[in-house]
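Q: Work out the full structure: start from the sequences and follow the hints.
There are 2 protein chains.
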Amino acid sequence: MIGIIVSGHGNFASGLLSTVKLIAGEQDMVIGIDFVDGQGSVELKNNIKDAMNKLGDEILVLTDLAGGSPFMNSVLLKQELTDKKIEVISGTNIPMLLEVVLKRDDNDMKELMQLAKMAGTNGINIFELKEKQEEDYNSDDGI
Amino acid sequence: MIGIIVSGHGNFASGLLSTVKLIAGEQDMVIGIDFVDGQGSVELKNNIKDAMNKLGDEILVLTDLAGGSPFMNSVLLKQELTDKKIEVISGTNIPMLLEVVLKRDDNDMKELMQLAKMAGTNGINIFELKEKQEEDYNSDDGI
Chain A
1 MIGIIVSGHG
11 NFASGLLSTV
21 KLIAGEQDMV
31 IGIDFVDGQG
41 SVELKNNIKD
51 AMNKLGDEIL
61 VLTDLAGGSP
71 FMNSVLLKQE
81 LTDKKIEVIS
91 GTNIPMLLEV
101 VLKRDDNDMK
111 ELMQLAKMAG
121 TNGINIFELK
131 EKQEEDYNSD
141 DGI
Chain B
1001 MIGIIVSGHG
1011 NFASGLLSTV
1021 KLIAGEQDMV
1031 IGIDFVDGQG
1041 SVELKNNIKD
1051 AMNKLGDEIL
1061 VLTDLAGGSP
1071 FMNSVLLKQE
1081 LTDKKIEVIS
1091 GTNIPMLLEV
1101 VLKRDDNDMK
1111 ELMQLAKMAG
1121 TNGINIFELK
1131 EKQEEDYNSD
1141 DGI
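First to last, the sequence lines map onto chains A and B.
In terms of the working numbering, the first sequence opens at residue 1 and continues consecutively.
In terms of the working numbering, the second sequence opens at residue 1001 and continues consecutively.
Keep in mind that the hints were calculated from the coordinates and are not lab data.
Certain hints may be false.
[Claimed, not checked] Derived DEER-like restraints, expressed as beta-carbon distance ranges:
| # | chain 1 | residue 1 | chain 2 | residue 2 | range |
| --- | --- | --- | --- | --- | --- |
| 1 | B | M1109 | A | L102 | 31 to 37 Å |
| 2 | A | D57 | B | M1001 | 46 to 52 Å |
| 3 | A | D57 | B | G1056 | 50 to 56 Å |
[To be verified] Straight-line C-alpha distance at most 27 Å; calculated DSSO-like pairs for lysine-lysine:
| # | chain 1 | residue 1 | chain 2 | residue 2 |
| --- | --- | --- | --- | --- |
| 4 | B | K1130 | A | K117 |
| 5 | A | K85 | B | K1130 |
| 6 | A | K117 | B | K1117 |
| 7 | B | K1110 | A | K117 |
| 8 | A | K110 | B | K1117 |
| 9 | A | K130 | B | K1078 |
| 10 | B | K1117 | A | K103 |
| 11 | A | K21 | B | K1021 |
| 12 | B | K1049 | B | K1021 |
The beta carbon of each residue, even a glycine, is placed where N, CA and C say it ideally should be.
A: In structure tokens:
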């Protein structure tokens, strides 16, 4: 199974993983790495590296934004740990994270990355009031 | 100034707002509403409504995913609180949230919504190793 690492500034990772836990339950092979005030980049990199070593040979890293320390250190580790297949994505949102966590069994890394990008992009929507949507959203049911 | 509400399942909101605080500092007129285990939809809706009343007449709600309780209750409040201009977006990620928080002063609601969607979508990227990027990301500098 492809391992998933979520990493971002502050409590980005633990926040998003709490969302996944509430919506889809506990997930195996998923590790969150927070990068909090007072930590340095070396500590962050070590934490991500430790997580990568726990997760095995295929790892998808979902980060908060391109260019930040969680993203950059993941990219550096992708280049250093050449015995592993590591991929790094930025701009993680919940539709993307749910997609990769729930579809790891049926897709290889290349497919999973495309699904991640598609789910993340398609999940970004501005609500517009239309007759059809009004019906859809007037229910109390939901997750 | 347009008020911002971030809301999602679990600690989505507090997680993302901790990221914004680390990257861009404390922000005015931004409220996070977590929807945690044990809370009901009525409590969530009241919490979002209270936040809307604190934030004034123009409010942009950034939610975790379409169809979930944070999204649906925000849409219901958009329909109920007709004296306010309320807009609701799903699929929130950090590039989107930073964009709206930092560009509220120079844009009206319609522009800000489009900027949010564009920043969120453009912020989703799969890292690809190219000669140019290798140079860019081999630096220790970063945020």
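Q: Decide, hint by hint, whether the structure agrees.
A: Each hint, compared with the structure:
Range check, M1109/B to L102/A: about 34 Å between beta-carbon atoms, so the 31 to 37 Å window is met. About 49 Å separates the C-beta atoms of D57/A and M1001/B, a value consistent with the hinted range of 46 to 52 Å. Taken as a hint, the range 50 to 56 Å holds for the pair D57/A and G1056/B, whose Cβ atoms sit roughly 52 Å apart. With a CA separation close to 19 Å, the supplied pair K1130/B and K117/A stays within the 27 Å bound.
Under the criterion of a C-alpha separation no larger than 27 Å, the hint pairing K85/A with K1130/B is consistent with the structure, at around 17 Å. Restraint check for K117/A and K1117/B: the C-alpha separation of about 14 Å stays at or below 27 Å, so the hint holds. Among the hinted pairs, K1110/B with K117/A is consistent with the structure: their alpha-carbon atoms are about 25 Å apart, no more than 27 Å. A threshold of 27 Å between alpha carbons decides the hint, and for K110/A with K1117/B the separation of about 25 Å falls inside it, so the pair holds.
Annotation: proposed proximity of K130/A to K1078/B holds, straight-line Cα distance about 13 Å (limit 27 Å). A hinted pair counts as satisfied when its Cα atoms are at most 27 Å apart, and K1117/B with K103/A qualifies at roughly 25 Å. Of the pairs offered as hints, the one joining K21/A and K1021/B holds, with about 24 Å between alpha carbons and a cut-off of 27 Å not exceeded. This hinted pair checks out: K1049/B and K1021/B have alpha carbons roughly 24 Å apart, not beyond 27 Å.
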